[in-house]
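A.B. asks: Please build the complex by placing chain B on the supplied structure of chain W, with the hints as guidance.
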Amino acid sequence: MTRRLLLVDDDDGVRLVARVSLERVGGWIVTAVSSGADALAEAAASPPDAILLDVMMPGLDGPSTLAELQRNDQLAHIPVIFLTAKARSAQHDSLLRLGAIGVLVKPFDPMQLANQVAALLGFGP
Amino acid sequence: MIEPTISLDDDDRVAALHGLQILDTAAEERFDRLTRLAALVFAVPIALVSLVDTNRQWFKACIGLDAHETSRSISFCGHAIQQPDIFVVEDALLDERFADNPLVIGEPFIRFYAGQPLTSPDGFRVGTFCLLDRVPRHFDDVQRSILRELAAQTEAELRQHEQHIAMLDKREAEERLQVIVQSVAEVVVAINRRGHIVFANSAARDLFGDSAEVPLVGLPAAGVVADHSPEDIIDLLQQAESGNASERIEMQVRSGDGRTIPLDVTFAAAQLDGEPVYIASGRDLTQERQARREIEVIGQQQQLILNSSADGIVRLDRNGLVIYANPSAHRLLHLAHGALAGRQFHTVTHHTDTDGPPQPWLGSAMWQTLQEGETLAALRDKFDRADGSSVPVSCTSAPIIEDGAVTGAVVIFADASDQAEIERSKDEFVSLVSHELRTPLTSLKGSLGLLSGGVFGELPDEAQEMLTVAVANTDRLVRLVNDILDLQRVDAGRLQLNLQSHSLAQLVADSIASVSGLFTARGVHLENCVGPHEGLDVRCDGDRIVQVLTNLLGNAAKFSPAASTVTIRSHIVTDLHEGLDFVVIEVADNGRGIPPERLERIFERFEQVDSSDARHGSGTGLGLAIARVLVEMHDGQLTVTSEPGVGSVFAVSLPIIGHPDEAKT
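Protein chains in written order, with my numbering: chain W, 47 to 171; chain B, 2 to 666.
If we strip away everything but chain W, and leave its shape as in the complex, we get (with noise of 0.2 Å):
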């Protein structure tokens, strides 16, 4: 069965590319949105199976938003994964404990960001 990503970030480079990784490598069908606003809208319309959430955006950042969907009863479900410019692991912890299942750094290996996003997921490879 296909799995459906919601990938959040604001900056369209990162889209682009996240986007082609992880359908080209990973074989993911990926909806990009970049805010959380849209993020918490598209949630709600068409749940997916997981969330990589970019940390630092405008408006509504990343912690906000998992906060926004842990807050609604149909969407705590959803594995958010966030993915991070700050490269300290602290910074990761602090991040795993707002309840997010993983932490990816940015920049990302193309090549193995499905993979990561699969292994978090608990997919296998």
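The set of hints was computed from the structure by calculation and includes no laboratory data.
From a predicted model like this one, the values you see are computed outputs, not experimental measurements.
Where hints are given, some of them may not hold.
Said to hold, decoys possible - Chain W regions said to be covered by chain B (calculated; three or more residues, Cβ under 8 Å):
no.	region
1	56-64
2	67-78
3	150-157
As the list claims (entries may be wrong) - Take a look, some chain B residues computed to stay more than 10 Å from chain W by CB distance:
no.	residue
4	GLY107
5	GLU251
6	ARG293
7	LEU336
Stated by the list, open to error - Using 25 Å as the maximum straight-line C-alpha spacing, the simulated DMTMM-like pairs for lysine to aspartate or glutamate come out as follows:
no.	chain 1	residue 1	chain 2	residue 2
8	B	LYS559	W	ASP155
9	B	LYS427	B	GLU437
10	B	LYS171	B	GLU158
11	B	LYS427	W	ASP107
12	B	LYS559	B	ASP511
13	B	LYS559	B	GLU644
Beta carbons are placed, not taken as given, at the ideal position from N, Cα and C, and that holds for glycine.
C.D. replies: Only chain B this time, still in chain W's reference frame:
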């Protein structure tokens, strides 16, 4: 024989004799003449002026004897001085006191003795004028009278001798006094009742001038005084009491060369050559005034510096109490001027490390300075202010050392708010830049990676080659951003370790995994010889140690020739000095090696072994600098040994908490 008795006041008698200062002096004609005369008049072979000392009799004048002295115990004179008038022994052999006296039965075989005591001016019988004969004699009244006269004349000569000695003493004392008065630095003049100078010492003559044309002695004293009238001078002189110096008076006097000199003067009344005089002695205040002015100027300058300094300057006593604090110290702490005096400076400021806990007084920087005499500086401390706010400060405490002991400390502190603000801005800037760099790098690396990974199909070889270069340089840029961020955290003191227990084998395996691609690409073999401590756990920040080992392995791969072998191995060493066990992880290559003069420099920032390294297209020049900092933060060491042409060995040593065998279980 009966020895002469010795009276109770003999010590006083001997002191009186010694006071005459005549014992052991040379023979003198005036005494010799009297004994010669006696020998002639009485027709005796021996006549003496004998002085009776503590244990001897000594002859000032002597006719008929070679000896100059004999023992008092066998002397006839010792008996003679026990009575006021003439002592006569007409025949010694018939007198039980003398019959067996050595002087009677031996030389000079005395049979007759007649001695008249000699009395000193203060009434002590100090000796005799005596006559001796070797045959018995009778001594009649006329003879007795003559002997008394001769003795009286001898006493007169003794008195004259004493006066002569006293006069010599007095002259010597006057000469000594004169030397002293002339050589003192104070100006001393004697002024007679009419106000004229009658004596001036050499300091006075030097100051006021003294010449044959205008002798100082004879001038009116008022003539050398610039600020007192002659009547004032007479008044001052008349107030002087005999024997007591007056109060000190400052006077302006005219020097011989026309200057006006301040003198600190006292007057005393005295007698000089029988005439009443006033002794004026004065001290030249010129140099003292000059020195005081200089000290005042220096003091004013120092005060000006302290008052004008923008930094707080505080002097503490041995216990940390404020002795002095300048205006800026009060201003920076929002205290009224003077409010710090006498207070414990550390208690007032609650000296705190920035972002850290308050320093307890014991062990604080100021305490250490006062206890150990160390100069300590801190760039990022914090002082509390009176209003409850706080101020970031850079602070130095230095000991005040007097006679080799610490007697206090000087604390200088500056408001570091601006510095703290700059550092905060810098942190924010670097953080922002790193994010802003990572985002485009993500797109770049992603796009290139997808192309290079063949996602859009096979590319021509040349295009593939170009892409490989692009991907490698994108990776390099990413590392550079990461390294710069790491260094910035180190510099800001904010790189923190996440210390946990990690398996040594796993750390090495993770490191190898992240560089295996590079080894494959370069055709270099990697041999993992870690063990037999592979079961060892090390307490460290795993990510950071993997970062270090990855850096070392990556360098080894890059600088090793194809088909050569890089070895990673480990062993345990014990630092006997610290009593700690260390695990040493070594990365050894067979590369070109590092010249000795560059061995340490490779750990500096942006340093590479040579400039061609940059063209390897992979290094940032920061990796080893960061690796060394990271290892040192673990209380370990990162060192290198190398032999050009043979290879290099980089060694990471990390302390093991607990014994390795215990760590395994």
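A.B. asks: Decide, hint by hint, whether the structure agrees.
C.D. replies: Taking the hints in turn, this is what the structure says about them:
Requiring three or more residues with a Cβ within less than 8 Å of a Cβ of chain B, the coverage given for the region 56-64 of chain W holds, as 6 such residues are present. With 3 residues bearing a CB less than 8 Å from a CB of chain B, the region 67-78 of chain W meets the requirement of three and the coverage assertion stands. With 6 residues carrying a beta carbon less than 8 Å from a beta carbon of chain B, the region 150-157 of chain W meets the three-residue requirement, and the given coverage holds. Distance to chain W confirms B/GLY107 as a non-interface residue, since its nearest Cβ pair spans about 123 Å, more than 10 Å.
Its beta-carbon lying about 79 Å from the closest one in chain W, B/GLU251 satisfies the requirement of being farther than 10 Å from that chain. No Cβ of chain W approaches the Cβ of B/ARG293 within 10 Å, the least distance being about 66 Å, so the stated non-interface status holds. Distance check on B/LEU336: its Cβ is at least 40 Å (rounded) from any Cβ of chain W, clearing the 10 Å threshold; non-interface status holds. For the proposed pair B/LYS559 and W/ASP155, the alpha carbon gap of about 21 Å is at most 25 Å, so the pair holds.
At roughly 15 Å between alpha-carbon atoms, B/LYS427 and B/GLU437 fall within 25 Å of each other, so this suggested pair holds. The straight-line distance between the Cα atoms of B/LYS171 and B/GLU158 is roughly 20 Å, inside the 25 Å bound, and the hint therefore holds. Straight-line distance between C-alpha atoms of B/LYS427 and W/ASP107 comes to about 24 Å, which keeps the hinted pair within the 25 Å bound. A distance of roughly 19 Å separates the Cα atoms of B/LYS559 and B/ASP511; the hinted pair therefore holds under the 25 Å criterion.
As the CA atoms of B/LYS559 and B/GLU644 are separated by approximately 17 Å, the hinted pair is consistent with the 25 Å bound.
Of the numbered hints stated above, none is contradicted by the structure.
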